[in-house]
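Line by line, the protein sequences are chains A and B. So in the numbering used here the end of the first sequence lands on 587, straight run, no missing numbers. So in the numbering used here the end of the second sequence lands on 1084, straight run, no missing numbers.
These are calculated hints, taken from the structure and not from any lab test. There could be a bad hint or two in this list.
[Said to hold, decoys possible] With a cut-off of at most 25 Å between alpha-carbon atoms, the simulated SDA-like pairs for lysine to any residue come out as follows:
1. A:LYS288 <-> B:SER1016
2. A:LYS233 <-> B:PRO1037
3. A:LYS495 <-> B:GLY1014
4. A:LYS233 <-> B:VAL1015
5. A:LYS233 <-> B:SER1038
6. A:LYS288 <-> B:SER1038
7. A:LYS233 <-> B:ALA1051
8. A:LYS495 <-> B:VAL1015
9. A:LYS288 <-> A:ASN276
10. A:LYS495 <-> B:PRO1037
11. A:LYS495 <-> B:HIS1049
12. A:LYS288 <-> A:LYS213
13. A:LYS495 <-> B:PRO1050
14. A:LYS233 <-> B:GLU1011
15. A:LYS288 <-> B:ARG1044
16. A:LYS495 <-> A:VAL28
17. A:LYS233 <-> B:HIS1045
18. A:LYS213 <-> A:SER3
19. A:LYS233 <-> B:HIS1049
20. A:LYS495 <-> A:PRO308
21. A:LYS233 <-> B:ARG1012
22. A:LYS288 <-> B:PHE1061
23. A:LYS233 <-> B:ASP1072
24. A:LYS288 <-> B:PRO1050
25. A:LYS233 <-> B:SER1016
26. A:LYS495 <-> B:ALA1051
27. A:LYS288 <-> A:PRO308
28. A:LYS288 <-> B:ARG1012
29. A:LYS495 <-> B:PHE1061
30. A:LYS233 <-> B:PRO1050
31. A:LYS233 <-> B:ARG1047
32. A:LYS495 <-> B:ALA1080
33. A:LYS495 <-> A:GLU280
34. A:LYS213 <-> A:ARG21
35. A:LYS233 <-> B:SER1040
36. A:LYS288 <-> B:VAL1015
37. A:LYS495 <-> A:ARG555
[As the list claims (entries may be wrong)] The following label-pair restraints were derived from C-beta to C-beta distances:
38. A:ASP473 <-> B:THR1024: 25 to 31 Å
39. B:ASP1073 <-> A:ALA409: 47 to 53 Å
40. A:PRO560 <-> B:THR1024: 29 to 35 Å
Just so it is clear, CB atoms sit at the ideal spot from N, CA and C, and this is done for glycine as well.
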Amino acid sequence: MPSGYHGCVLRIDASSGHAERVPVSDDVLRAYLGGSGLGTRLLLDAGAAEADPLSPEASLVFAFSPLVGSPLTTSAKFAVVSKSPLTGRINDSLASSGFAVAGKGAGCDAIVIFGQAPELSVLVIDAEGMQDGALPAVRLESAADFRGATCGDTEDGLRARLGAAFRIASIGPAGERLVRYATISHDGRHAGRGGSGAVLGAKRIKALAVRGKRRVEWARPTELTALSRDLSKRSFGPATAKYRELGTATNLLTFNRFGALPTRNFQSGTFDEAANLSPETLAATREKTRASCVACTIGCEHIYGFGPNGAKVGVRVEYESLFALGSLCGVGDSDAVLRASKRCDELGIDTISAGGTIAFAMECVDRGWLDAPWLVFGSGEALLRAIELIGAREGLGDLLAEGSRRAAAAIGHDSIAIAPQVKGLEIPGYEPRALQTMALGFAVGARGADHNRSGAYEVDFSDRVDRRHVTLDAVRHAIETEDKAAMMDSMILCKFLRGVFEDFYGESAVMLSAVTGWDVTRDELRETARRIVAAKREFNLRAGWTPAEDTLPERFLNTPLPNDPEAALSRERLDALVAEYHRQRGW
Amino acid sequence: MHVEFFGVPRERAGVSELELHADTLGQLLGTLADRMPSLSEIIRHDRLHPAFVANLNGDRFVTDPRTPLRADDCVLILSADAGG
């Protein structure tokens, strides 16, 4: 077994709480590393692609990585991998912090959960005092006391009940009610996209509580310490200044200037009230604090106060939440947007899919396709009401809890043309017509429209392409960003570090070698990244993927952006880009 | 020409926009560095640090310091990392 790993997976039947250790071969670990890659491989082996994601047979994987527990900055991360109840395709969501360290400390490289508990339960995994090679104590406890509780209250309550050394990953009320874009939350952060919270909810698991301190050996600890110091030092430099000083929210004014800020369900690329939501304005008008994940030197979290006196309640502010709950719904009232973001966090709902689905419904109301006259663009009150209904699956919320694609099927009127989704996953905050390499990234994404699995927007914001008139030359750049994301999500390091590497694959090889002892090379890791992307495609093929899914909604292919006539993407051009992508992938 | 700052460059510059005359991108960046020492981490001689980019008129991203500028151009300076 290589250093950096335990060499086994903990498989738990949620029906009984029965657990077993299953060895994982060195070959599999080296081929898929951890995180998204290992999780996908384990799901393929479990036959999860063919199963209904909300059925007892479905598997859900919490996958750690060789770097978890090392001193490398941002390495305390885990991936949650399953079939998505929103898309019916592969879903891998990442989150950070102490749960990753405790989960790996339970003596395994991944936790695989299948089955269905007899009642709403907490899955307790306790490796305190565990001997080498032994099973941690695994049991189901009733979660009746936490039924309907928010993610934060569940976490606080369970640590009070079980002990402060436990680390908790939980679902909110939305996960219990199988909202198809429910999240799994830990320490205020979320494995957010694709509905992994609904998968856990379908297993009647309100939370995982993990305690463990089992360590792994590192192959060359002195070298690893030196590498970690160097990486930490670089993480304080200009390449991460954006995240440290303003956070991801800084995108807002930039994208607005470039006509790429999705507004009113993608009917425009500019938002008149964007300045209200900008971090510059928020910082000038509200109390602000910063925070970071365990083992992170960047500290990207910017927490703003809101409420009548401006500072009593805090919420982590991210660009994606500001865009989805703000400009996309036409809401420029920052207090309403921050309150909506906080409420999504509490209920355990993905802010992007929530905002996308609500904005879609607002446009349907506008067009007379949906009878909900209160649900209008620009109304913070309507936004908050819609979020509450979704979390409770009450009234219109029961439809919107299904996501925009299923809602469009129910609404009819060819509303699917304006449903802002790819493969059922709502589109994040990058206007595809103004950022056309990203448009390709969205169209071909294995988990649907996604900015974390394809960083193609970086290409659009460079001199490598003309962002509004991309050619086939953009395809290789899009593939490169997708491969790099697959590597970072499997190794695992935070993507906010990506700008500090001059030779990403070469430096990654050095770090992995110091941890594992493998004589891994730059070229091998490039192949590994491609293998992981291909594994996701294999999962989707088994789940029923067809080439017709690799596209964008009709809205983006029929009309240029009203604010920018040059931002036009024809179906023929997108089809050509997708075909070239498939050709270069060898698919 | 008109210069607009976004994100970290705006924080460092302390202004969101200003007017300046320069014949090339390199000349513009050099002048900015001279006038605004707070931009020293962002501008290295006549080039931007790789973590930052310049754009002409919202259309074209430019890196070559010899890129000619016209009096009616608008130069945008922003973080290269556009991701959220």
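Going down the list of hints, with the structure as the test:
The suggested pairing of LYS288 (chain A) with SER1016 (chain B) holds, with an alpha-carbon distance near 21 Å, which does not exceed 25 Å. At roughly 23 Å between alpha-carbon atoms, LYS233 (chain A) and PRO1037 (chain B) fall within 25 Å of each other, so this suggested pair holds. Between LYS495 (chain A) and GLY1014 (chain B) the alpha-carbon distance is near 28 Å, which puts this suggested pair outside the 25 Å criterion. Taking the CA atoms of LYS233 (chain A) and VAL1015 (chain B), the gap is near 29 Å; set against the 25 Å cutoff, the hint is violated.
Note on LYS233 (chain A) and SER1038 (chain B): the hinted pairing holds, with a Cα-Cα distance of about 21 Å set against a maximum of 25 Å. For the proposed pair LYS288 (chain A) and SER1038 (chain B), the alpha carbon gap of about 23 Å is at most 25 Å, so the pair holds. Pair hint LYS233 (chain A) plus ALA1051 (chain B) holds up; C-alpha atoms about 16 Å apart against a cutoff of 25 Å. Restraint check for LYS495 (chain A) and VAL1015 (chain B): the C-alpha separation of about 29 Å exceeds 25 Å, so the hint is violated.
With a C-alpha separation of about 16 Å, the suggested pair LYS288 (chain A) and ASN276 (chain A) falls inside the 25 Å cut-off, and the hint holds. For the given pair, LYS495 (chain A) sits about 30 Å from PRO1037 (chain B) by alpha-carbon distance, which is inconsistent with the 25 Å threshold. With a CA separation close to 19 Å, the supplied pair LYS495 (chain A) and HIS1049 (chain B) stays within the 25 Å bound. Taken as a hint, the LYS288 (chain A) and LYS213 (chain A) pair is broken in the structure, with Cα atoms around 34 Å apart against an allowance of 25 Å.
For the proposed pair LYS495 (chain A) and PRO1050 (chain B), the alpha carbon gap of about 17 Å is at most 25 Å, so the pair holds. About 22 Å separates the Cα atoms of LYS233 (chain A) and GLU1011 (chain B), which keeps this hinted pair within 25 Å; it holds. With a CA separation close to 32 Å, the supplied pair LYS288 (chain A) and ARG1044 (chain B) exceeds the 25 Å bound. Taken as a hint, the LYS495 (chain A) and VAL28 (chain A) pair is honoured in the structure, with Cα atoms around 24 Å apart against an allowance of 25 Å.
Simply put, LYS233 (chain A) and HIS1045 (chain B) have alpha-carbon atoms about 23 Å apart, close enough for the 25 Å limit, and the pair holds. The hinted pair formed by LYS213 (chain A) and SER3 (chain A) meets the criterion: a straight-line CA distance of about 16 Å does not exceed 25 Å. Restraint check for LYS233 (chain A) and HIS1049 (chain B): the C-alpha separation of about 17 Å stays at or below 25 Å, so the hint holds. Annotation: proposed proximity of LYS495 (chain A) to PRO308 (chain A) is violated, straight-line Cα distance about 36 Å (limit 25 Å).
The hinted pair formed by LYS233 (chain A) and ARG1012 (chain B) meets the criterion: a straight-line CA distance of about 21 Å does not exceed 25 Å. This hinted pair does not check out: LYS288 (chain A) and PHE1061 (chain B) have alpha carbons roughly 33 Å apart, beyond 25 Å. This hinted pair does not check out: LYS233 (chain A) and ASP1072 (chain B) have alpha carbons roughly 41 Å apart, beyond 25 Å. The hinted pair formed by LYS288 (chain A) and PRO1050 (chain B) fails the criterion: a straight-line CA distance of about 29 Å is larger than 25 Å.
Between the alpha carbons of LYS233 (chain A) and SER1016 (chain B) the distance comes to roughly 30 Å, so the proposed pair goes past 25 Å and is violated. The straight-line distance between the Cα atoms of LYS495 (chain A) and ALA1051 (chain B) is roughly 14 Å, inside the 25 Å bound, and the hint therefore holds. About 16 Å separates the Cα atoms of LYS288 (chain A) and PRO308 (chain A), which keeps this hinted pair within 25 Å; it holds. For the suggested pair LYS288 (chain A) and ARG1012 (chain B), the alpha carbons sit about 19 Å apart, so the restraint of at most 25 Å is met.
Straight-line distance between C-alpha atoms of LYS495 (chain A) and PHE1061 (chain B) comes to about 23 Å, which keeps the hinted pair within the 25 Å bound. Restraint check for LYS233 (chain A) and PRO1050 (chain B): the C-alpha separation of about 17 Å stays at or below 25 Å, so the hint holds. Restraint check for LYS233 (chain A) and ARG1047 (chain B): the C-alpha separation of about 23 Å stays at or below 25 Å, so the hint holds. Restraint check: the Cα-Cα separation between LYS495 (chain A) and ALA1080 (chain B) comes to about 14 Å, which is no more than 25 Å; the hinted pair holds.
About 23 Å separates the Cα atoms of LYS495 (chain A) and GLU280 (chain A), which keeps this hinted pair within 25 Å; it holds. In summary, the hint linking LYS213 (chain A) to ARG21 (chain A) is supported, as the alpha carbons are separated by about 17 Å, within the 25 Å threshold. A C-alpha spacing of about 19 Å is found between LYS233 (chain A) and SER1040 (chain B), which places the hinted pair at or below 25 Å, so the restraint holds. Of the pairs offered as hints, the one joining LYS288 (chain A) and VAL1015 (chain B) holds, with about 21 Å between alpha carbons and a cut-off of 25 Å not exceeded.
Among the hinted pairs, LYS495 (chain A) with ARG555 (chain A) is inconsistent with the structure: their alpha-carbon atoms are about 30 Å apart, more than 25 Å. Between ASP473 (chain A) and THR1024 (chain B) the beta carbons are some 27 Å apart, a value that agrees with the proposed interval 25 to 31 Å. For the pair ASP1073 (chain B) and ALA409 (chain A), the beta carbons lie near 48 Å from each other, so the given range of 47 to 53 Å is met. Range check, PRO560 (chain A) to THR1024 (chain B): about 33 Å between beta-carbon atoms, so the 29 to 35 Å window is met.
In this structure, the hints that do not hold are numbers 3, 4, 8, 10, 12, 15, 20, 22, 23, 24, 25, 37, in rising order.
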